[in-house]
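Novice: Based on the sequences and whatever the hints tell you, model everything.
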Amino acid sequence: MSARSDALAEKRELAGEGVGAGWFRLQHKAAPYLFVAPFLILFLCFGLWPILKSLILAVYATNGPKSAVFVGLANFRFLMADPDFHTAVRNTLVFTCWSIFFQLPCALGLALLLCARWVRARELFRLAFFSPNLLGQVFVGVLFSVLFVPQYGLLNHLLHALFGIALDTKWLSNPALVMPALVLTSLWMYVGFNMIYFLAALQAVDRDLYEAATVDGANGWHQFFAVTLPSIKPVAVFVLITSTLGSFQLFELPYIMLRNTAGPDNSGLTVVMYLYNTGFITGDLGYASAVGWTLALGMLVVSLVQLKLTRAMKGVGD
Amino acid sequence: MRSFPFGSAALAILGLALASGLWLAGHPIPSKKATLTLWTFADTHYNFYKEAAPEFERKHPGTTVELQLVSGQAVTSRLQAAFWADLDVPDLVEVEISSAGSFFRGPLKDVGFLDLTDRIHRRDPVTGKALWDSMVHTRFSPYTSRGRIFGLPHDVHPVQLAYRRDIFEKEGVDVAKIHTWDDFIKVGRRLTIPNKRYMIELGDGDGTNLEMCLFQRGGGYFDAQGKVIFDNEVGLQTMLWYVPLVAGPKKIGNTLGGGQILTRAVEDGYLLCLVAPDWRTKSFEKDIPRVGGKMALMPLPAVTPGGPRTSTWGGTMLAITKHCKHPDLAWEFAKHLYLDKEGLAERFRGTNILPAYRDAWKQPAFNEPRPYWSGQRLGSLYAALAPQVPVQYTSPLVVTAKGKLSEALVACVQQYNTHGAEGFEPFARARLKLAADQVRKMIARNPY
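Keeping their order, the protein sequence lines are chains A and B. Taking the working numbering, the leading residue of the first sequence gets 3, the next gets one more, and so forth. Taking the working numbering, the leading residue of the second sequence gets 35, the next gets one more, and so forth.
These are computed hints drawn from the structure, not numbers from a lab. Some hints here could point you the wrong way.
Below 25 Å or equal to it, Euclidean Cα-Cα: the simulated SDA-like pairs (lysine to any residue) are [stated by the list, open to error]: (1) B/K320 / A/I258; (2) B/K475 / B/A445; (3) B/K436 / A/M82; (4) B/K356 / A/V71; (5) B/K467 / A/S69; (6) B/K230 / A/L160; (7) B/K143 / B/A115; (8) A/K68 / B/V123; (9) B/K261 / B/P141; (10) B/K369 / B/G162; (11) A/K31 / B/G49; (12) B/K475 / A/T89; (13) A/K235 / A/S305; (14) B/K436 / A/K31; (15) B/K143 / A/S69; (16) B/K328 / B/G409; (17) B/K284 / B/E301; (18) B/K230 / A/T296; (19) B/K369 / B/W313; (20) A/K55 / A/M82; (21) B/K261 / A/V71; (22) B/K284 / B/W215; (23) B/K359 / B/H370; (24) B/K93 / B/E366; (25) B/K369 / B/P62; (26) B/K436 / A/L57; (27) B/K359 / A/S69; (28) B/K316 / B/T172; (29) A/K310 / A/V229; (30) B/K475 / A/L57; (31) B/K284 / A/L169; (32) A/K235 / A/F253; (33) B/K475 / A/P85; (34) A/K31 / B/S42; (35) A/K310 / A/T296; (36) B/K467 / A/A83; (37) B/K84 / B/K316; (38) B/K467 / A/M82; (39) B/K375 / B/A445.
Specialist: Written as structure tokens, this is what we have:
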């Protein structure tokens with residue numbers, strides 16, 4: 003398109019259409035900025051400005067944005083010694099670890115299964131595994147809070163029948179069981195979503211590599227580690243990073259499942275929930291901004307470490 | 035079109051964007067025509083106000099009232115955000131008791147509600163009576179900050195126990211002989227069958243019921259000056275008494291959750307007694323209709339013989355925001371909703387909520403027998419207990435304090451479940467202090 007219009011402009015200039023050609027050149031130069039302008043304006047107003055504002059707020063003790071007292075780094079110092087923040091970080095990290103070390107292998111396993119030629123009705127299974135993701139976190143939260151109900155809940159009845167677990171097991175009011183309940187719910191919701199990425203990557207692996215490996219005498223495990231994993235590495239790294247960042251931002255699921263609370267003994271308190279509570283329930287926007295910036299820095303560091311560890315920067319670039 | 039360098043598709047998009055922008059600019063969102071806007075979070079309140087509003091509009095020609103039902107959690111966050119941004123602030127708003135304190139943060143001049151103190155204490159030139167004289171005084175304290183009243187109390191919310199009368203009769207329990215918690219626990223130990231039937235619905239995962247017991251004993255989260263007190267001797271004794279009711283082998287209390295689960299638990303006789311503030315009795319009538327006529331109410335057992343036979347759970351205030359352009363009219367509307375005796379009688383029939391306006395309690399509606407409650411006169415029972423309703427003070431950090439008490443409870447329950455009574459008292463004392471100290475630290479950060 004650009005080459006065509008350039009040629010057109012050149013032709014008109016040669017034809018001596020002076021004013022017309024000038025106007026055309028102006029349009030040509032301005033049009034890209036015009037198209038980018040709506041996004042840019044919205045981003046500046048609702049993206050960059052709030053980010054900068056939150057950075058300023060983080061060094062103030064606030065009562066809403068109107069009355070603020072400069073406190074320097076006091077918010078960050080308080081944060082470092084705040085046991086609730088520590089709990090929130092610990093819970094978030096535990097959830098993130100489960101997401102990475104349990105959910106992603108499950109997603110990859112499912113993708114490998116659904117790639118196998120002997121599995122029938124693969125499309126149906128793909129849809130079935132992916133469909134929970136079409137529901138919102140709020141809906142899933144409500145659904146699972148009913149499943150986890152003590153005495154009358156479906157899950158307890160199933161576990162009671164299979165393993166003799168007490169019917170009145172309180173998944174959402176026993177601090178030791180809250181995190182497993184959240185992990186299970188999140189697994190149901192997101193395993194299919196991550197599976198789709200892995201599935202796409204697996205389908206793109208060159209079949210010739212497997213044939214060559216078979217000729218060389220490689221068994222299934224060898225093929226998986228020597229062919230499959232290296233081939234899907236860029237996608238795996240992408241899924242790993244997005245899952246980690248998504249887990250760091252966990253909010254709706256525990257908020258709904260634990261009925262707008264952080265659960266017993268703060269067992270479902272996540273960093274984002276803590277940010278919300280301090281900002282919008284307690285009204286301390288300055289402290290909430292400090293929490294937000296600490297979370298953002300944490301996410302940046304973790305992402306960089308992940309990229310470094312997986313040597314993906316080079317891999318993806320390649 | 036030909037001269038546009040990026041092709042017809044891009045030009046069409048640009049044209050559409052410009053056209054829609056111009057259309058939006060030419061059709062601004064119509065400004066609200068209502069003179070007064072009120073937010074409420076309870077559908078029972080909303081339904082009653084919807085019926086009461088037209089009469090107010092008739093009495094005040096030219097006035098229009100707009101009612102909005104907003105979810106309880108959203109009232110706090112939306113209203114807070116609206117105050118900060120000066121946008122979409124209602125003229126009047128009902129705020130739940132546990133969130134009210136969070137609006138009193140910062141200097142008094144920055145509180146977003148009108149100070150109603152003078153209006154409440156102002157004496158009527160004809161009767162010589164102030165509104166203060168006709169209300170239950172203890173209900174103002176949760177809506178008071180630094181001596182100034184920012185909300186009109188909607189209710190009193192005394193607490194009784196709702197029980198399965200049919201099962202009690204079958205088991206030979208005479209509730210008239212239950213005077214104290216000791217009497218109640220004795221019966222509870224006999225009737226409780228672990229994992230099958232529990233004497234009372236009491237939670238071990240959050241402090242809602244513990245809080246009610248704390249109030250009954252004269253304790254609370256904060257004192258009148260806003261100092262944290264839930265780790266004092268009253269708080270400790272309440273915790274030491276409460277935990278064995280919900281933990282360990284001799285527990286008589288349990289909870290499964292709300293909604294349909296509670297319905298099943300009561301219908302099945304899994305829970306025999308329920309903590310019943312007045313508002314909850316209406317929920318039981320609606321949600322558990324099958325036990326109608328089999329339920330009855332008894333006063334809360336006293337802590338010591340002759341002690342208060344009630345406590346309190348929940349509450350609502352009506353506040354006028356500083357953004358209100360017609361504060362006097364808003365005050366009239368508040369009085370119309372909260373102080374009209376006939377209206378309050380109707381409200382009681384619809385919600386079972388005892389108003390904080392004592393003069394209304396003489397209305398016949400408060401003395402009507404209720405078939406669901408085995409013919410008991412609900413209003414009279416609650417009204418008789420209302421003067422004993424304990425006081426509760428608030429703070430901007432009341433939500434945090436509630437969370438911390440819940441954390442202490444959960445820790446104590448775990449300790450009691452694993453170690454029993456041995457070493458429980460020092461553990462509970464230390465855990466309560468830790469929780470209270472965290473709130474104190476947060477209060478100390480406040481630079482205002």
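Novice: For a C-alpha distance cap of 25 Å, please report whether A/K310 and A/T296 respect it.
Specialist: Holds, because 21 Å separates the two Cα atoms, which is no more than 25 Å.
Novice: Given the hint that B/K475 pairs with A/L57, test it: the Cα-Cα distance must not exceed 25 Å.
Specialist: holds (24 Å)
Novice: Taken at face value, is the distance from the CA of B/G409 to the CA of B/K328 at most 25 Å?
Specialist: holds (10 Å)
Novice: Hint check: B/K261 vs A/V71, CA-CA at most 25 Å. Holds or violated?
Specialist: Given that 25 Å is the threshold and the Cα spacing comes to 23 Å, the pair holds.
Novice: Within 25 Å, alpha carbon to alpha carbon, are B/K284 and B/W215?
Specialist: holds (15 Å)
Novice: Mind checking the alpha carbons of B/K436 and A/K31 for me, to see if they're no more than 25 Å apart?
Specialist: violated (61 Å)
Novice: Would you check the hint for B/K369 and B/G162, treating anything up to 25 Å between C-alpha atoms as holding?
Specialist: holds (18 Å)
Novice: Is the straight-line distance between the alpha-carbon of B/K143 and that of A/S69 25 Å or less?
Specialist: Given pair B/K143, A/S69 holds - Cα atoms ~11 Å apart, limit 25 Å.
Novice: If you draw a straight line from the CA of B/K475 to the CA of A/T89, is it 25 Å or shorter?
Specialist: Holds - the C-alpha atoms of A/T89 and B/K475 are around 17 Å apart, at most 25 Å.
Novice: Straight-line Cα separation of B/K284 and A/L169 no greater than 25 Å?
Specialist: holds (18 Å)
Novice: Measure nothing beyond the straight line between the CA atoms of B/K359 and A/S69; if it is 25 Å or shorter, mark the hint as holding.
Specialist: holds (23 Å)
Novice: Does B/K84 pair with B/K316 here, judged by a C-alpha cut-off of 25 Å?
Specialist: holds (19 Å)
Hints 5, 14, 18, 25, 26, 32 and 39, counting from the list given before, are not met by this structure.
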